Amino acid sequence: MRLIVHNMLSCNIRGVANKFPLRIEPKKIIVKEVDFNPDFLKHMIAKIDWKALVDGARSMGYTELPDHAPDTTTLESDESFLRKFHHSLLELHLEEGSLVCSETGRKFPVNKGIPNMLLHEDEV
Amino acid sequence: MKAALAPSSLTSLSYRTNSSSFRSSLLFRSPSSSASMTTTTTRGNVAVAAAATSTEALRKGIAEFYNETSGLWEEIWGDHMHHGFYDPDSSVQLSDSGHREAQIRMIEESLRFAGVTTDEEEEKNIKKIVDVGCGIGGSSRYLASKFGAESIGITLSPVQANRANDLAAAQSLAHKVSFQVADALDQPFEDGKFDLVWSMESGEHMPDKAKFVNELVRVVAPGGRIIIVTWCHRNLSAGEKALQPWEQNLLDKICKTFYLPAWCSTDDYVHLLQSHSLQDIKCADWSENVAPFWPAVIRTALTWKGLVSLLRSGMKSIKGALTMPLMIEGYKKGVIKFGIITCRKPL
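From first to last, the protein sequence lines are chains A and B.
Each residue of the first sequence is one higher than the last, beginning at 1 in full-length UniProt numbering.
Each residue of the second sequence is one higher than the last, beginning at 1 in full-length UniProt numbering.
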């Protein structure tokens, strides 16, 4: 599971208010290289919850991201930032671990990079 | 033969009197569960008490069915687990590659019908796609590649999700697509996240069509489109409350082997969508365009390669294969329809 996906996943247990983001408890992380595409990144940046990305990256051991994303004008020229964004968003993979609901503590397992978000009977 | 309903005619359609009871009902059959079930012969009857355990059983049944049969399907038909789109009355002596092309054409025709590919601006705006009931990810990979977008697929089958990931990696698309084990009726996404919500032949598996449509509407972004391509039963005529008993019997037999909980009609989907504030609701009957498909699948199954693979795959696959003639019968007798329903969420 990459952080671009983590940024879209929320806890869908009935009655939970604090659904997003899910906390990451990693057991196994791998890095898979991806071609650098600045246009894609510039388009995505507006759609990403920045804090969730920074916290997610930190829990996966990557601390290079700034606390705030730069504004769009500086983005054009700041390749170093884009590279860090690229790496954290697309190249860090959670292979094994859990995604944890902040409110209920419920753990959604991640195996072979695939999160299992199925709810139990009593959570629907 | 494609009947697109113009918006003005839709607003004048009145709801059928039983549509509200349908929306709150769960007509449900669990083929694999031995728990007692309330079976009904008309839509709209409620089976809520038995529904809870049955939903679990259905989910498990679907997951196991696809865990077992996915490999076989892929071996014979490739990574698109859906019907091909053919010109009506076209010759059925098509090669394997002809059928694969038809499966791609199904995707393209669906996008075109929905108005996605007729507008360049709209195409550029598609950046996040959800593939609801993604199988081994054929649609996800195709759409992500076509639009340069991020596609998330959800499936009940861990085997499928794993295979989907492997195929994505093999096709160098791992950075654009991802797969989760999740329930289409309880999607793990925040509201309004996806520019395109894609359900290609997965609606058949949903026990609660209203809940299914609610989720699709919830996760689509303002301005985004929903595309549902699904097996339905024929629309009921005015005054008809249910299918004929022989029609229902035919569908019941198919339900059992393919883990389908309930059939509804294209009209039912349109009515469900109408109950939300959506624009451009359109539907069409593509039954004639998929007619060559099942005979072709059967022919493939009857080759040596097909038979050997079938026997190796197990009982669920064999039963599935034996049920295929029923699909042909259903289509021929006008009971089963292949429908597309699309719409757009207002900005």
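The hints are simulated quantities; they were obtained by calculation from the structure and are not laboratory data.
This one's a predicted model, so the numbers in the text were calculated from it and none came from an experiment.
Backbone N, C-alpha and C define an ideal beta-carbon position, used for all residues, glycine too.
Some hints here could point you the wrong way.
Within a straight-line C-alpha distance of at most 20 angstroms, the following computed DMTMM-like cross-link-like pairs (lysine to aspartate or glutamate) qualify [unchecked claim]:
no., chain 1, residue 1, chain 2, residue 2
1, A, K42, B, E121
2, A, K19, B, D191
3, B, K60, A, E123
4, B, K211, A, D35
5, B, K316, B, E204
6, B, K256, B, E288
7, A, K112, A, E123
8, A, K107, B, E64
9, B, K241, B, D191
10, B, K333, B, E247
11, A, K19, B, D183
12, A, K47, B, E247
13, A, K112, B, D208
14, B, K211, B, D267
15, B, K333, B, D285
16, B, K127, A, E95
17, B, K127, A, D35
18, A, K42, B, E123
Taking beta-carbon pairs under 10 angstroms as the criterion, some of the chain B residues facing chain A (in silico) [stated by the list, open to error]:
no., residue
19, D183
20, K241
21, L243
Now the hints, each set against the structure:
1. K42/A to E121/B: 18 angstroms, holds
2. K19/A to D191/B: 11 angstroms, holds
3. K60/B to E123/A: 17 angstroms, holds
4. K211/B to D35/A: Not satisfied, since the Cα-Cα distance of roughly 39 angstroms exceeds 20 angstroms.
5. K316/B to E204/B: Roughly 18 angstroms separates the two Cα atoms, so the pair holds.
6. K256/B to E288/B: 25 angstroms, violated
7. K112/A to E123/A: 25 angstroms, violated
8. K107/A to E64/B: 23 angstroms, violated
9. K241/B to D191/B: Outside the cut-off at roughly 35 angstroms; violated.
10. K333/B to E247/B: 9 angstroms, holds
11. K19/A to D183/B: It holds: about 17 angstroms lies between the C-alpha atoms, which stays within 20 angstroms.
12. K47/A to E247/B: Violated - the C-alpha atoms of E247/B and K47/A are around 48 angstroms apart, more than 20 angstroms.
13. K112/A to D208/B: 30 angstroms, violated
14. K211/B to D267/B: 16 angstroms, holds
15. K333/B to D285/B: 15 angstroms, holds
16. K127/B to E95/A: Not satisfied, since the Cα-Cα distance of roughly 25 angstroms exceeds 20 angstroms.
17. K127/B to D35/A: 17 angstroms, holds
18. K42/A to E123/B: 18 angstroms, holds
19. D183: 6 angstroms, holds
20. K241: With a closest approach of 30 angstroms, the K241/B hint is violated.
21. L243: It is violated, given that the least Cβ distance between L243/B and chain A is near 30 angstroms, above 10 angstroms.
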